[in-house]
Structure formats: structure tokens, C-alpha cells
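Student: Listed below, chain by chain, are the residues.
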Amino acid sequence: MSTIRRPKDLATGVILGLVGLGVMLVSARDYAIGSLRNMGPGFFPLVLGGLLLLFGLIIALTSLAGARDAGGGRLALRPLVFVLGGTIAFGLLLQPLGVVLAIMAAVLISAGASPELRPGPSLALALVLGFGSAAAFVWGLGQRMPLLGYWITG
Amino acid sequence: MMEALDHLVMGLTVAATWNNLLYCFIGCLLGTLVGVLPGIGPSATIAMLLPITFTLEPTGALIMLAGIFYGAQYGGSTTSILVNLPGQPESVVTTLDGYQMARQGRGGIALTTSALGSFFAGCVATIVIATLSPILARMALRFGPAEYFSLMVLGLISLAVIAQGSLLKALAMIVLGLTIGLVGTDVTTGAHRLTFGLLELSDGISLIAVSMGMFGLGEIIRNLEHRTVRSTVTAVSSLWPSRQDYREMTPPILRGTALGAVLGILPGGGAILASFAAYAMEKKLSATPERFGKGAIAGVAAPEAANNAAAQTSFIPMLTLGLPSNVIMAMMASVMIMQGILPGPGVMVERPTLFWGLIASMWIGNLMLVILNLPLIGIWVRLLSIPYRLLYPAIIVFCSVGIYTTNNSTFDLYVMVAFGLIGYAMIKLDCEPAPLLLGMLLGPMMEENLRRAMLLSRGDPMVFIERPISAGLLCAALVALVVVALPAVRRERAVAMQE
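So the protein lines, in turn, are chains A and B.
According to our numbering, the stretch in the first sequence is residues 1 to 154, in order.
According to our numbering, the stretch in the second sequence is residues 155 to 653, in order.
Hints are computed from structural coordinates only; laboratory data are not their basis.
All of these numbers come straight from a predicted model, not from anything done at the bench.
Glycine residues also receive a C-beta, built at the ideal position from the N, C-alpha and C atoms.
In silico DMTMM-like cross-links for lysine to aspartate or glutamate, where the CA-CA straight-line distance does not exceed 25 Å:
1) Lys8/A x Glu586/B
2) Lys582/B x Glu116/A
3) Lys8/A x Asp584/B
If you anchor each label on the Cβ, the simulated ranges turn out as follows:
4) Ala67/A x Leu521/B: 46 to 54 Å
5) Ala124/A x Met293/B: 53 to 61 Å
6) Leu36/A x Pro541/B: 56 to 64 Å
7) Ala136/A x Leu610/B: 50 to 58 Å
8) Phe350/B x Ala67/A: 33 to 41 Å
9) Asn173/B x Val14/A: 47 to 55 Å
All chains should be built: construct the whole structure from the sequences, respecting the hints.
Tutor: Right, here's the structure in full:
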């Protein structure tokens, strides 16, 4: 039987504490702290890092007592991977393939995030969004994005 | 008062040019259009639509943004009433009676009540802004760095106090935000801080990329966790309230407006508080409190008027003090900064046409919403039934293209992805994104004012307590913190959040 009442709080506390510790170390090592009168670039981050560490510790410690949390902390990996993957794909493919194909790739990849979205509708959606956004952003709003990338135009 | 009217007339001449009217109209239309889509709240709507405004000149951009903001708010009310889906905490109260009215076939009347209440509240709030802003700005011009620092402390603490969930976590999120805000070049010494050697980070982390990541991508992932439940949209019948309805909605609208206008000015984002407080007040004052929660028209009228009044008066601290009181104001402030305008007391003096044009366009925006939305309600209802699986890829595309076009670089896009991940982790860990975003915006300002105050006082930290205004602000922050930390209030707060 574990004594951790709220695993979410424990995780939050540990992550915040580590970030705080990291910020403190970097600030103390790399930036001048200065004095109260004449603060260097390291002063404020050092204080903030310390506060983060403190809050992290308190949150982590209080997770050991009190009411249990409702749970339900399971990560939904499938939407996580496909949503972020689709977005990254757009970033990687925009210059080489151009905006239309990059959008289509982003849509087709992110379609994997939902089991309810089938291949047929995804392809249709990709075509509509690809050509539609290109029209709206590049022709309509005059944004500078390549319609066709350098892999295609050579 | 006369002075305020003069200014409003000047503002109207700016806002009523064809260009600005068009921007306002497009903003309202797009805001409502995206705002009524299921699963997209006002913060996400605004984050998504921000990049559209970057191509405009500053006045037009802010006017369009304000329009988007009102439209998104109105869209949120629509989804609350018709499908019981509040897109934002402010609209939660509206679902209580609004959705019940819709189930009784009175959805159209609830929507009209909300529109009229919001419009009236918007008119009053516009006058409040015009009257109060010059006074506050004049006061703010006398603020030294110590006062500014204390004001930011108060603003951030109030936000943590009002935030949902654990106070401790909200405070921690503020500190995390402040730290993230420091990433980039230190203004005083030019040193690169916390950039991990990445040259792209020397300008800091883009607040827009962070908002789009957390509210756009992070929420998509959360929404996709569960199989979507088809929301049942109730049919909208008549839009026009009866004479009896008008009689019942008028006093709540008046009271809600007054309450909202006052609470909105307070730092910490009064709109949520305003709608809850207005609902509670009406229930107490009502001769028939048992009808609340079963479709009482007062239960829609009061909170809708209150939250619109508060949403609008929350512009006051951002425009006059440079202190945004909620996430949406933080995004507005970051757009102003991108356009080369530093939010604060100087705006009114240096850019009077922008300032008063924006305020006048708030009123015009409210008017447009009424004219636009009542006839178009049929279209909005149909949008409500678009399944989420067809919407989310579109949101991803919009966010990706939008963030790319802000700087024509993919770096911000990857920042957005990173904060999509962080945002999702925060949702899973029950941490609120709002305090983090506000902290991020205020981080550099807070540091600068702290440094200056300490330099002026020759390193004596007592300066924050010796100067009366600064001491008062810090005292208020302390009181807010202590009151919320008291066990009795804590329990009540938990109950209030539950409702």
C-alpha cells in the first residue's frame, strides 16, 4: 500500500523542484549575481529558481498526506504522438515540398490521432485544407510561403 | 464626464472609418465562427486567430482582435446555452439555466437575453472605461518602479487566488512563468540567459507560440482522449422574448452589469468571479429562488451581462497600467508589443487615436454582435453539429500556418509543439495554464522594476514598504493570500469551484 495520496502532485512537485534546481545552478554558475543595490543578470533567476525549488518541495511533500486525488492520469499517447507529429511534419516539409503538400501531410498524419477519422474523409479533408489554406493565406493574406517547395521545383 | 464624451467622439471618428469598421466586422464574424465550434474555447480561438492581425497596422490590428474577443465570448455563450458546453469558466454559470431553457424550447429566447444583456453591459462598460482610464493612467504615471513591482505582485497573487484548483500549484505556475519569461537577452546587461546556447531564443520565447501550443495543440490532445460524444443540439424556436420575459430580465441585467463592471477592473481577471457572483446574487434576491437551475431567465441574464461587463472593463488595467489581468489580455498585450506599442499609461498620451479608437470600437463591436448574431443564429447552430474529428486537423493546420507566418521561421512552430506537450502535461497534472502565461509576460517587467527600485533605494529592500502606495498594494496581496489560505475559506472556495 503506497503512502502517496496524490501521485499527480508528487510528479508536479518533483518536476518543478528539478527545474528550479537547474535554473539556480545555471544562474549561479553562468551569470553575475551582483548585489542588492546593483543586481546582475543572475539575481532574479536565482531567486525564481529558489522559489520554484521551494514550491516543488512543498507540493511534493503535501502529496503524501490529505485527500486522495481522483486519478485518471493515464496519458493518451496516440493523440499526443500524432497531433504533435503532424505539426512537426508541417514544419519540416514546408520548405522542401511547399505549403499545399506540407498541410496535406500534417492533416494525414494528425488524422491518426482519432480512431473515428477514416482514410477517405482524411484525404478529402487534407485536400480541402491544403488548397483552401494556401488560397486564404498566400493569395488572400499575402503571406510569404512557397506554394511548391525546392524538392519539386528543383 | 464631458471629457470622456469628447474622447469617445474622437474614438468614434477613428473606429467608424470603413477600414476599421471592416476589421471590427471581420473580427466579430471570425471570432463567433470559431468560438461556436465545439471544443474550441475563447482562449484557443484568439490564439489561433492572432496571426491574421499581424499584417494590419496597429489600430486596425487591435480593433480586429477586440472584435475576435467579443465574438469568441459570444460564441462561448451560444455553446453553453445550446449544447451545455461552456468553452471557458466564465460561461459555466450560463449553462445552469441557459441549457435548461434550451431544453424547454426557449433556447432562442435565452440567446437573445444573452445578446441583449451583453450589449447593454458592453455599452455601460465602454463608458466606465472612457471615464476611469484617464484617471488611472494619470495615477499610474506617478508610479515609480517600486509601485509597479508591488502592483505586479498583487496582480499575480490575485490571479492565483482566483485560479481553479490548488493555490500552491497556481503560485508555482506563476513562478515557472516568470522564469520562462526571463529566457532571452537581459535588457540591462545584454547577457543571454537560459537560452541553452540557441541563438533563436535570444529574443525570448514567444508568448503567442506558447498560447497556441497550450490552448491549441494541448487541448486537442486532451479532447481526443475520449471518444467524442455526439452533442445533441436543441432546436431553436422563437428568438423574441415576451413582455413578461423582458420584465424578468431587465433588473438582473442592470445588477449584473454593475457588479461585472466593478469586478472586471480588479486584477486577477474578474470575469469568472463576476459571472458566479452575479448568479449567486440573483438567486438570493429572487422571490422564486427555486426556479434557478430550471430555466430561470434571470439566471442567464445576470451572469451574461456581468461577464461581458467584466471582460470589457478588464481592458482597463492592461491599457492604463500595462498589467494584463487575464490570459486574453496577456495575448492582447503581446500583440501590442509586437506592433511596437508598450502597454501602459503612455499609450493614452502618445497614441490617443489608437486608444480611443479601440475603446469606441468595443462599443461598435458589441452592436455588431447583436446585429450579426441574431439573424445568423441558424448558421451557428449548424456549425455546432460539426463533428470534432473534422475540426481538429483544421485547428492544427491553422496553428501551424499561423505561427509560421508570425516570423516566417519554423523555430516558433517547434516552440509551439514543445508547449503543446507541456500544456498537455499540465492538464494531466491539474496545473492551470493561465498563471504561467501571465507570469511569462510579466517576468521581464517585474525584474526590470525590481532592479530599478533597488538601485534607487541603494539596495534597501524596505523601499517597498516605506512608500505608501507600494505598501498598500503589497498589503492587499498579502490579505488576499492569507484569506484564501484560511481553512474555512478554502473549503468554501472548493465548494464554489465545484458548482
